[in-house]
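Asks: The lines below spell out each chain.
There are 2 protein chains.
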Amino acid sequence: MGKLLRVNTKERTFGFEEVPKAYEGLGGRALTSKMILDEVPATCHALGKANKLIFSPGLLTGSPAANSGRLSAGAKSPLTGGIKESNSGGYAAQKLAKLGITALILEDKPAEDDFSIIVINNDGVEIFPAGDLVKKGNYEVMETLWQKYGKNVAVISIGQAGEQCLKGASMNQADLNGRPGRAHGRGGLGAVMGSKKIKAIVVDDKGAPKIEVKDKEAFKAANKRWVDMLRNHPVSGEGLPSYGTAVLVNLVNEAGAFPTKNFRSGRFDHAQDISGEKMSELIEQRGGVVSEGCHPGCVIKCSNVYHDKDGKVLTTGFEYETIWAFGAHTTIKDLDDIAMLDRLCDDFGLDTIEMGVTIGIAMEGGMIPWGDGKAAIDLLSKVGEYTSEGKIIGSGAVFTGDALGVDRVPVVKKQSLPAYDPRSCKGQGVTYATTPMGADHTAGYGVTANILDVGGTIDPCKKEGNIELSQNLQIATAAIDAAGLCLFIAFAILDDEDGVPTIVDMLNARYGLSLTPDDVVALGKSTLNDEKEFNRRAGFTKVDDQLPEMFNETFPPHNTTWDFTLDELSKTLSF
Amino acid sequence: MGKLLRVNTKERTFGFEEVPKAYEGLGGRALTSKMILDEVPATCHALGKANKLIFSPGLLTGSPAANSGRLSAGAKSPLTGGIKESNSGGYAAQKLAKLGITALILEDKPAEDDFSIIVINNDGVEIFPAGDLVKKGNYEVMETLWQKYGKNVAVISIGQAGEQCLKGASMNQADLNGRPGRAHGRGGLGAVMGSKKIKAIVVDDKGAPKIEVKDKEAFKAANKRWVDMLRNHPVSGEGLPSYGTAVLVNLVNEAGAFPTKNFRSGRFDHAQDISGEKMSELIEQRGGVVSEGCHPGCVIKCSNVYHDKDGKVLTTGFEYETIWAFGAHTTIKDLDDIAMLDRLCDDFGLDTIEMGVTIGIAMEGGMIPWGDGKAAIDLLSKVGEYTSEGKIIGSGAVFTGDALGVDRVPVVKKQSLPAYDPRSCKGQGVTYATTPMGADHTAGYGVTANILDVGGTIDPCKKEGNIELSQNLQIATAAIDAAGLCLFIAFAILDDEDGVPTIVDMLNARYGLSLTPDDVVALGKSTLNDEKEFNRRAGFTKVDDQLPEMFNETFPPHNTTWDFTLDELSKTLSF
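Chains A and B supply the protein sequences, listed in that same order.
Read left to right, the first sequence gives residues 1 to 575 (this note's numbering).
Read left to right, the second sequence gives residues 1 to 575 (this note's numbering).
Chain A extracted, bound-state conformation:
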């Protein structure tokens, strides 16, 4: 196995150590969550010296396994006050894995306000002043670092939001073109990186040996089945490559679960104008890229490059959740305005879901008019200007709601709800309510059986079956995140009995083990239990596993309400 790399951000020192017994066999989210539980006092200030920011590639990351290039980042979240894992594509996961780094741990914090850059390569680690890059956006940071270190390095950086330690701050990763289109978006982890005064991390694997695969033949055979499976599923093989994740706009709108105007109804009159179909059409017209991967070895390729009217790159990695948040939620219907808002988030280093919901709350509070894209762009731009207005917006929906006296704020554990209404997509609602992460669609994507008829069909508007759906998906997702696999492989493994066994075969071939599917389920459960234990120590109770009272309102067009009790949710969701 690899090593742990600990960086003391106060002393600007580092050290490698063997992976201790307690952490053996863990990777990705399973490792970051276990380490946070073991090493971070749950009641500490998330921006204080006791918090740690931990990066870990998944168990399959660095191997040739398709779609295994995700990097988990973990910390106590400044947004939720609980544990957080947020994973991203980009180059960093695979390069860290190839350098034999099982986890990179940023510890302590400097007293003074000087930002540093960490460079990790095959020779070791360098830490030096960030210099001119301070107060710069991610676009410029990544371009500068690629100029300096070459186009083969990974970059994880924060923009102005992370430097200001705002709760909406993301950590962005250079995508395959060196643009900040990929993000560890949720939970404000960029603020933790900012509190430790790390502006960027560069990872260069030049000279590093290839990942050792114990049983090469078995691995190759399993990976072939794996690739075929991903390519043959209609969602990962057809829908996502053709229209990106925005393929969901029309589907979720049609299902009546597309939250519009701060969760007042489930259909947006202008869904067509912001749909995946419309987006792909514009990208093709303007010479962008309809389909590309977020990391080498991706066979789904749901990412993209979106050009403006003049054919210049406007934004990249333009996703469904972003389009919903800045679109239907705020009633902005101009896709170019939404793309500009996405670009600003990438550049300042902000979570697009949190920011879209926040802009809606700013509209709810009368700060800017509903549906006004230009006003939204102006308002979001303040984050990059270090103004008080920008600090409010950049701190997210709860913060902005509090500043404006708004009482309809769609959050769980202070994190904004994503793009599926919990009343008319109840499997997703259970996940929002009960995942230790705060409202998060990726933690247990009930949209599958609720709307896409993947892995069965469960009525999205009724309670029956949706707790079990969410529970099973939460377990599976925790395991997927531990393996470093892209969440979108879930479509294939839910519909193909050979899915999980194939993943197990790859794990066994990679490490020379003889795991069973039950072991993978056990890993998912133990990860969730670690996370729930951290939250319990941080002071969370079953009260935190529920949606806010605004979801008691009846939701058109299906006239649903949120009708799970605290007891129903808390009894069934222990693992």
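Simulated from the structure, these hints should not be mistaken for laboratory data.
Repeated chains share a single entry, so a pair holds when one copy, or any two copies, can fit it.
As a list, the in silico SDA-like pairs of lysine to any residue whose alpha-carbon atoms are at most 20 Å apart:
{"no.": "1", "residue 1": "K542", "residue 2": "G81"}
{"no.": "2", "residue 1": "K10", "residue 2": "E549"}
{"no.": "3", "residue 1": "K49", "residue 2": "E553"}
{"no.": "4", "residue 1": "K382", "residue 2": "M367"}
{"no.": "5", "residue 1": "K210", "residue 2": "G512"}
{"no.": "6", "residue 1": "K3", "residue 2": "E107"}
{"no.": "7", "residue 1": "K309", "residue 2": "E281"}
{"no.": "8", "residue 1": "K109", "residue 2": "N552"}
{"no.": "9", "residue 1": "K49", "residue 2": "E549"}
{"no.": "10", "residue 1": "K224", "residue 2": "I211"}
{"no.": "11", "residue 1": "K109", "residue 2": "E549"}
{"no.": "12", "residue 1": "K49", "residue 2": "N552"}
{"no.": "13", "residue 1": "K10", "residue 2": "M550"}
{"no.": "14", "residue 1": "K10", "residue 2": "N552"}
{"no.": "15", "residue 1": "K214", "residue 2": "E24"}
{"no.": "16", "residue 1": "K462", "residue 2": "H558"}
{"no.": "17", "residue 1": "K220", "residue 2": "V299"}
{"no.": "18", "residue 1": "K10", "residue 2": "R408"}
{"no.": "19", "residue 1": "K3", "residue 2": "G124"}
Assemble chain B onto chain A, guided by the hints.
Replies: Relative to chain A, chain B alone:
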């Protein structure tokens, strides 16, 4: 007994009802807390329609009992997220009692943004538009309402902070000269009043009958003993009338427990410049009022009127906690600057403790320089200007710390610590940590035995005895708050065995009862249990009954640390 007056702020209607059985025999804090527990869903949004704002005079209020004119206000707190009782002097308590109103309950909230004024008199209730008073400060509001309704009416109003629903907002009461020098300061209850769009409440008791006292002779005899007891104690009879509460500056500074520069040391080099002695000297020189009561029937008279250099009224009710918060905590040493900050708080309707601590956090975060009084005045002025900067500051210390990325924020349950360091005044520290109110000195004033040698002597720097001290004081305080008595009667009753029996005699004579001191203790306990139960339902755990990690730092001059464990605190503080 009296009646409940319920006002529906959405429909602008009202109704009187008999006091139901469950609320019989309760008054003041005992009643507001019981009603909040019974009628407000603990997980509701504090600014939502489900929260209620409840006012209740104490059990002795309206009677001739000395120092019994306090009005309790209760609600779910927008600041702490838990239950809140905040009491104030002024005219309102006695006038409500004389009108036979056991509790005034504001319910629901209007959809639109129109503020109203409620006028309560012997003929009933009127509710009408606030008109020109919207966006006006409390000074102008009170002056206008006294001009309209005469100088015999009580006014409870909010300023710009409450209108904006900011978490630091107070509700202010007209003092004996019609100025907003008295406040329901803590817990952001002004934001709840603002969310219900009530700008002011006028209470006029003209024509109301006198309070009925069942046994007039017994009452008169007990009250005579009571007045003598208060006048003969050195603190309530001498220290407080001579120097106001600011008499504590030199005492607490000398004890090394005067938190300076955001709780970095226990002695302030310029304590002399902001002391009670200095304040009284300036008041006399400039023609102010050294000593006046906060309500009719007060025999302690610790309030005052502080003039500026030109002999004009600068502020009133200028208190120790305010002087500490804007003074030693921020290192501002000019008493006139501090007085101006106090005036701004009274005018905008802001809690002076929360705002002083917040200004210190703004200094910690580099927003303005340490010790700069003029910069602090400019910054606090923004609250009245409805700017984003003002919204941040007006939302308190946690909010401002979050906006600025500051991790040293001295709060419990998100409420700022008052003017006694918990490491070198541990009885007070236990109260901060464990009271259901969030950090609050009045909830169990351990300064008595820790520093003033009242009610015995307990070493303030050691753990021994301080949990019990705080626990007993919390029980006694809850009972005092239920009776509507001023907290400063505690000095006398702690040192005089006849103290509690005298209060019991007055209660019995007033209502024709035969209570014992044990009954009073039971009332205090049951009130605390109601409050703790509300907080439990709202999601509080023992984790919330502890100080933040910044108090692990060693504190000079006595080099103390905060050394109580969660278990020590949680085990001993159930009633």
